[in-house]
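Asker: Each chain is listed here by its residues.
2 protein chains.
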Amino acid sequence: MGTKGEGNRQRIIDAADGLFYRRGYNQTSFQDISDATGITRGNFYYYFKTKDEILDAVVNSRIADITAMLIECEAKTRDPRERLLMFSNMLDYKRDDVIQAGCPIGSLSSELAKDTTELREISRKTFVVLRNWIKQQFESLGISNADDLAMDLLAKMQGATVMACAFQDADFIQRSHQEIKDWINTKTSN
Amino acid sequence: MGTKGEGNRQRIIDAADGLFYRRGYNQTSFQDISDATGITRGNFYYYFKTKDEILDAVVNSRIADITAMLIECEAKTRDPRERLLMFSNMLDYKRDDVIQAGCPIGSLSSELAKDTTELREISRKTFVVLRNWIKQQFESLGISNADDLAMDLLAKMQGATVMACAFQDADFIQRSHQEIKDWINTKTSN
Numbered sequence: 001m002g003t004k005g006e007g008n009r010q011r012i013i014d015a016a017d018g019l020f021y022r023r024g025y026n027q028t029s030f031q032d033i034s035d036a037t038g039i040t041r042g043n044f045y046y047y048f049k050t051k052d053e054i055l056d057a058v059v060n061s062r063i064a065d066i067t068a069m070l071i072e073c074e075a076k077t078r079d080p081r082e083r084l085l086m087f088s089n090m091l092d093y094k095r096d097d098v099i100q101a102g103c104p105i106g107s108l109s110s111e112l113a114k115d116t117t118e119l120r121e122i123s124r125k126t127f128v129v130l131r132n133w134i135k136q137q138f139e140s141l142g143i144s145n146a147d148d149l150a151m152d153l154l155a156k157m158q159g160a161t162v163m164a165c166a167f168q169d170a171d172f173i174q175r176s177h178q179e180i181k182d183w184i185n186t187k188t189s190n
Numbered sequence: 191m192g193t194k195g196e197g198n199r200q201r202i203i204d205a206a207d208g209l210f211y212r213r214g215y216n217q218t219s220f221q222d223i224s225d226a227t228g229i230t231r232g233n234f235y236y237y238f239k240t241k242d243e244i245l246d247a248v249v250n251s252r253i254a255d256i257t258a259m260l261i262e263c264e265a266k267t268r269d270p271r272e273r274l275l276m277f278s279n280m281l282d283y284k285r286d287d288v289i290q291a292g293c294p295i296g297s298l299s300s301e302l303a304k305d306t307t308e309l310r311e312i313s314r315k316t317f318v319v320l321r322n323w324i325k326q327q328f329e330s331l332g333i334s335n336a337d338d339l340a341m342d343l344l345a346k347m348q349g350a351t352v353m354a355c356a357f358q359d360a361d362f363i364q365r366s367h368q369e370i371k372d373w374i375n376t377k378t379s380n
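Going down the list, the sequences are from chains A and B.
Start counting the first sequence at 1; every next residue gets the next number (the numbering used here).
Start counting the second sequence at 191; every next residue gets the next number (the numbering used here).
By construction, these hints were calculated from the structure, which means they are not laboratory data.
Even glycine gets a Cβ: it sits at the ideal position worked out from N, Cα and C.
Hints are not guaranteed to be accurate.
Restraint-style ranges between C-beta atoms, simulated for each label pair [to be verified]:
#: 1; chain 1: A; residue 1: 31; chain 2: B; residue 2: 242; range: 20 to 28 Å
#: 2; chain 1: A; residue 1: 7; chain 2: B; residue 2: 311; range: 35 to 43 Å
#: 3; chain 1: A; residue 1: 170; chain 2: B; residue 2: 226; range: 36 to 44 Å
Construct all of the structure, not just a fragment, from the sequences and the given hints.
Answerer: Okay, structure coming up:
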């Protein structure tokens, strides 16, 4: 695929990513993505035959972004505790989006849990990446129940997000974030 | 409205409630509800003109069920701590549903956060009832930040639900439930 083709493909993925997040997967049509990109539906099918294919590409693109963010985080500090605290900051700098439309990963997962097994498994992939990374951080501190703590941290962040979004409450995100940081400090202290 | 009319209306609400939960609000059509009830679409419009009206009726029906459950809980014990523990047991006896389709209240809220303000506000109503009831329990123990604790408890339950559903992990629900009970005991101890 040439440069133009690659550019169009990425434009479709980026537009779909935003629409899936702000409207939901099921509420986004091929036409919506076509309108958002200006790429006609005819051309569109050259890149993606089905919406499921777009979903897969969107999830892979999110995983690439998250992986880049985690690598950046690892480059900034060798201290796993600092890395986990840095990861939790996502709650803060994504606050406005979260209050408006929830967590992109969590809300997609909740939506597609109600769908076919295949879509459910696609949407789970992002959580798998995060869970493994968090687990590694706890493990490198010699903590034995690292995977449990990874699930706990993700659950805390998801819970804060769902409730902050339900009540559109920015203060709740902030307070929850502080409690999550306290929890990370407690769990990682010797 | 006669008895038959009331019966049909309730059948529509019950069918819609189940479909909204298992498939999602946006993925449920008038036709789906008609098929599930055997009530023709023509008759259907006699009871509800729009899907938003059905949503409102479903949310009110859920609130009625939850209120009945909370009243039953209050009748069983006068001890607010026991009541809160009893409330948290919902995680356990709804476990199979939760793993399959998430929390009915949380997943509807997450879905409709992406919709119009009006639908968002309808879906929030159930959380408001729960938040107020939990707050009252903490308040009656003389706890000053009762509303914060109510939000925290709901966030913990939502977080456990989102992650258990994402990974279809019954053990995680069980472990989280135990930690939530420990948290309730800590917060309500003198």
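Asker: Hint by hint, note whether the structure agrees.
Answerer: Verification of the supplied hints:
1. Separation of residue 31(A) from residue 242(B) is about 23 Å and conforms to the stated range, judged on CB atoms against 20 to 28 Å.
2. Here the CB-CB span from residue 7(A) to residue 311(B) is close to 41 Å, well matched to the stated 35 to 43 Å.
3. Checked against the hint of 36 to 44 Å, the C-beta distance between residue 170(A) and residue 226(B) comes to roughly 40 Å, which is consistent with it.
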